[in-house]
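Engineer: Listed here are the chains, written in short residue letters.
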Amino acid sequence: MRLKAASSADLTQRQRFAEHMASIATEQCRASFAELFEFFAPRLKSYMQQLGSDPSQAEELAQEVMVTVWRKAEQFDPEKASVSTWIFRIARNRRIDAHRRTKRPELDPDEPLLRPPDPETPDTTLNRSQLEEIVREQLDTLPTEQLELLKAAFYQGLSHSEIAKAFNLPLGTVKSRIRLAFNRLRGQLEGDP
Amino acid sequence: MSTNKAETAFSELYSAYAAGCLDPAFALLVETQAALRADVKRDIQISELIAATQFEAAEPAEMDDGAVDRAFEAIDAVNGASRPAPAVLNGVSEALEELLDLPDPLKESALVAAGKSGWKFSGPGLRRLSLNVSDTAETELYRIEPGAVVPRHSHEGTEFTLVVSGGFTDETGTFGPGDLSVKGPADTHQPVADDDGPCLVLAVRDGGLRFQGVIGIVQRLMG
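From first to last, the protein sequence lines stand for chains U and A. Residue 150 is where the first sequence starts when you use our numbering, and the numbers rise one by one after that. Residue 43 is where the second sequence starts when you use our numbering, and the numbers rise one by one after that.
Where hints are given, some of them may not hold.
[Claimed, not checked] Heads up, simulated DSS-like pairs for lysine-lysine below, C-alpha to C-alpha not over 30 Å straight-line:
#, chain 1, residue 1, chain 2, residue 2
1, U, 229, A, 83
2, U, 229, A, 149
3, U, 229, A, 158
4, A, 149, A, 162
5, A, 149, A, 83
6, A, 162, U, 221
7, U, 221, A, 83
The hints are simulated quantities; they were obtained by calculation from the structure and are not laboratory data. Model, not experiment: these values are computed from the prediction.
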């Protein structure tokens, strides 16, 4: 199982990445960039291939994202996101533009987007990096079966019905497990309705 | 602590968006709603964090030989090139200030569209701006004058309407900023804008929108 922390970045590594971003922004440090490239470019390529790019397209997209990382280094704010999350968002947005692959939304009867805003606004004292710490901690404690489903939905981009087929599970089970896991990441206890 | 259903429900749009699989029109819809609503914003952030941690942990793919040198070549080439001048807006209208108040992702698309195709008359008190963001889903920003009535219409596909500012009321309810209304082919409705200010809505459709009656004819003739 390589689902968990095996090759994800630990706290020290994440701090190092953030220092590299600062060196790129302030002094165009090429050594810092090379180190970020070594970690992220192969993962960017992997992500692009995961979503259907062939190896040469994936290589090109990974290159483009890394060049964007260099050019936009000044915009990186460690208070708002870790380097991984920031780079992933660049890659994700690039992919949405590049592929324009249509995914029809399948709306749930409980579709939260259709609901009026939550009257209890989420804890606004929680900034992005605090949220990131909480989510990372919670992800480490999730049962493997929930984590696998989250990975399929949020990283591989499969719909709930595609996941049900791939994992040979009833659709309702997929939905409830993902909901359970997501609520834990929201900081809600499982016993909550 | 009261817990309503919204807190336990979860949208498949979030995961498709986080993974990068959502059509750009729907991605814009999700981003705009997140900018208007704190609860949606938090869920999107969590979704992106799940995706980013899996991205970190994924089995790395092998890059071609000399990949990092190629990146430096590209960086040098980009540094050498002069930056393109910012696009000049054609036909700056009185609605420009309203566009500048739009949430970020939408503002960008709207300003580009306003500079290119501009606002089109779409009936009394109703203007629309086509946003070219997707190959498959039609995406438009509508501006409805205070109190204006949008002619009764049906939809060929499914229409997602997100209120960006102001509000409107139709047979199914009252919608304010951040609210999303979804109408299918079987629904016809006649939205009326609130009378205390213009109403801006972002509409995404995966089929054409058909107006009934005279305006429908005008719309078909004027494209």
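Engineer: Each of the hints needs a verdict: does it hold here or not?
Structural biologist: Okay, the hints, checked on the actual structure:
1. 229(U) to 83(A): Satisfied, since the Cα-Cα distance of roughly 14 Å is no more than 30 Å.
2. 229(U) to 149(A): 22 Å, holds
3. 229(U) to 158(A): Not OK: residue 229(U) and residue 158(A) at ~34 Å, beyond 30 Å, violated.
4. 149(A) to 162(A): 18 Å, holds
5. 149(A) to 83(A): 17 Å, holds
6. 162(A) to 221(U): 36 Å, violated
7. 221(U) to 83(A): Holds. Residue 221(U) to residue 83(A) sits at ~23 Å (cutoff 30 Å).
In summary, the numbered hints that this structure violates are 3 and 6.
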